[in-house]
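Engineer: Can you build the whole structure from these sequences, using the hints too?
Protein sequence lines correspond, in order, to chains A and B.
In terms of numbering that gives the first Met the number 0, the first sequence opens at residue 0 and continues consecutively.
In terms of numbering that gives the first Met the number 0, the second sequence opens at residue 0 and continues consecutively.
Fair warning: there could be bad hints in the mix.
Since the list gives no way to pick one copy over another, a pair counts as held whenever it fits inside one copy or between any two copies.
Below, a list of computed lysine to aspartate or glutamate pairs in the DMTMM-like style, where the Cα atoms sit at most 25 Å apart [unchecked claim]:
1. K174 x E232
2. K73 x E225
3. K255 x E300
4. K255 x D245
5. K255 x E338
6. K255 x E271
Keep in mind the hints are simulated off the structure, nothing from the lab.
Here's the letter readout for the chains.
Number of protein chains: 2
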Amino acid sequence: MKKHDQDFMRRQNKITVYEMIKNFSPISRAMIAKRTGMSATTVSRIVGELSENGHVSEFDQVSAGLGRKATMLKLIETSVLSIGIELDKYQFKIGIVDVNGALVYSSDHKRLPQESADTTISNIARLLQQIVDLEGVNPSRVAGIGIGLPGIVDSERGEVVFSVQLGWKNVNIAKRLSALTGYKVAVDNELKVRALAEHIRGAASGSKRTALIGFGTGVGSALIIEGNIYRGESNSAGEIGHITIDPNGALCECGKAGCLQTYIITSSLLNEAGKIRKVASLDEIFEARQSGELWAVQLIERALTYMAITINNVLCVYNPDMIILSGEWIERFPEIRHEIEELCSNRFVWEPLRNTYGLQCTSLGGEGVMIGSGLLAQTCFFTLE
Amino acid sequence: MKKHDQDFMRRQNKITVYEMIKNFSPISRAMIAKRTGMSATTVSRIVGELSENGHVSEFDQVSAGLGRKATMLKLIETSVLSIGIELDKYQFKIGIVDVNGALVYSSDHKRLPQESADTTISNIARLLQQIVDLEGVNPSRVAGIGIGLPGIVDSERGEVVFSVQLGWKNVNIAKRLSALTGYKVAVDNELKVRALAEHIRGAASGSKRTALIGFGTGVGSALIIEGNIYRGESNSAGEIGHITIDPNGALCECGKAGCLQTYIITSSLLNEAGKIRKVASLDEIFEARQSGELWAVQLIERALTYMAITINNVLCVYNPDMIILSGEWIERFPEIRHEIEELCSNRFVWEPLRNTYGLQCTSLGGEGVMIGSGLLAQTCFFTLE
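Structural biologist: See the structure below:
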């Protein structure tokens with residue numbers, strides 16, 4: 000066996016030992032050797048390297064029955080960090096995420112909706128450097144920066160292709176932010192990173208195929224298969240809001256008629272409500288429904304019906320084991336969850352799929368996009384060498 | 000490095016060399032060593048083992064310019080075979096498939112629609128043994144049997160959960176056929192194996208994410224990601240025919256209202272046509288359309304519209320690089336392809352996805368399910384040891 004093969008093997012073994020400690024701690028050297036089939040010498044050498052590099056520490060565990068002491072290993076969570084950013088119309092959030100997806104720091108910052116890409120990006124860079132300095136983060140520990148935002152993102156090129164909310168078109172945020180900060184930068188659609196966060200650390204932990212649905216300024220979904228974001232050819236997989244429901248339906252902001260999201264998104268409802276009276280927010284429609292105003296009852300009920308239909312449609316195409324609901328509707332009016340579930344089980348979910356999935360609301364809430372972006376950066380840029 | 004690690008390494012290297020020869024033949028030992036970084040000694044040892052086991056053969060290639068002779072390697076395609084079966088209401092087909100997915104033998108056999116599972120399975124077993132004997136196939140070369148059929152299949156358990164076409168419910172065809180033949184048996188929905196065949200050997204070869212859509216007695220789809228069938232939690236991913244289009248629409252045979260397939264499937268159209276006059280086949284509706292009968296024009300145009308909508312919806316959720324159309328509609332009336340494509344590009348495909356995919360009709364036709372089933376069996380059961 001030549002040197003090249005041995006190098007490959009060493010790297011593989013190192014990753015294996017690291018993952019064992021990450022996923023099964025507390026665990027001893029002997030247990031790792033037994034489970035992986037590696038020799039005790041190999042395991043000890045690798046553990047030595049990992050602890051030298053600050054990834055792993057030892058502690059003594061006394062067994063309850065016999066009082067015997069064993070030396071166990073655990074990960075030092077902060078040995079690998081990443082910066083997770085949520086970028087939206089009126090604000091951005093900066094978080095520091097550890098190797099388990101825990102948020103060890105976070106802060107919110109205002110953004111002016113008409114702000115240029117240059118201004119936003121240099122504001123992010125400046126604040127981010129301040130935070131790294133103030134928090135005493137060792138830059139060599141930072142695997143990279145992840146950014147989640149609403150819009151169509153070319154994740155391979157690191158480019159925001161189009162974002163209505165930010166008012167951006169063809170902005171290569173990855174390249175620009177990387178030039179300003181020196182860190183590697185990954186960027187993706189907010190729903191995709193949120194789904195990743197819920198899958199790894201949130202309401203969908205333990206799931207093998209998680210579908211996250213967002214009901215808000217748009218309707219979208221994201222699919223995580225065995226820990227990986229499913230992107231499709233142009234990172235547009237999951238655009239469930241633009242499946243056509245009615246070829247003669249209402250016009251969608253995309254220019255097509257009868258898109259699924261025209262029945263659900265806030266702007267549609269406000270627009271429709273305007274036929275009756277001027278309404279400024281979803282809250283007002285909910286209030287009107289509460290006091291029994293027919294138009295509001297109709298609008299909300301139709302929206303909930305199409306949310307249940309969205310859930311059925313996601314089940315039929317992705318057949319996930321877990322569906323996570325997120326977005327303005329779910330976060331601000333959590334009581335609708337039960338109405339949607341009833342519509343699902345009484346009418347809208349295809350029978351063979353009725354007992355194949357769990358349904359949850361996001362558990363990471365306002366932290367989800369930061370955590371997911373941070374985890375994305377670790378996936379893209381963290382290596383053990 | 001202990002023995003266990005070396006065994007693992009040897010196995011990996013063997014698979015690597017095998018795949019190199021399979022995918023890049025003609026290729027020499029030196030080229031393999033260069034591309035993999037393995038030593039010349041390692042490559043020679045593995046090639047020796049592969050040729051001893053009948054997987055690989057040598058041939059001399061004379062270069063055009065200099066006339067130098069090089070010893071190249073190629074796969075012996077028939078060193079690994081599998082049996083691919085298509086099972087349907089009125090017939091089943093048995094094929095012998097080689098390691099590249101080529102059909103080296105095939106035959107058609109009648110099935111009575113009211114036939115019990117026991118009868119069908121023992122007929123298949125008997126005929127299959129006769130074929131293996133007559134064709135002089137060495138049973139030790141047969142990796143296993145694959146079966147593709149219409150219906151809901153539990154591919155893990157090898158069970159037909161429910162098939163309207165076969166009239167079967169909870170039939171463990173894999174276990175039964177394996178007991179009768181001695182071969183390992185894999186079973187799956189026909190669209191999933193057909194998609195696999197088109198992806199590996201047919202119209203979608205070279206694609207990374209293939210979506211196949213079937214328009215026939217039902218409407219369904221299948222997604223192949225990097226050569227693997229995407230199944231979902233209960234092997235129901237791709238059931239696009241049961242996404243809800245209209246909560247108040249026509250009743251579907253599944254019991255739900257307004258399923259996408261109600262606008263497309265043959266039985267729906269015959270049923271609707273019956274309001275005007277008794278019609279026995281899709282051909283009659285097409286003829287009536289040809290002679291300008293309004294009802295037929297309406298029915299076909301509506302169906303084509305919803306086929307274009309199906310394509311848009313598949314694009315939005317899976318974002319594939321290639322869509323393959325299959326099923327009765329496409330196979331018997333190929334002229335509709337252009338009408339569907341026009342509807343797609345003029346009206347129904349969401350703009351950001353317009354230039355992200357190719358559209359093809361099945362190229363394997365009546366052989367697709369046999370080939371896909373055979374390839375499935377090889378994926379499940381073929382190992383190099």
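Engineer: Of the numbered hints stated previously, which ones are contradicted by the structure, given in increasing order?
Structural biologist: none
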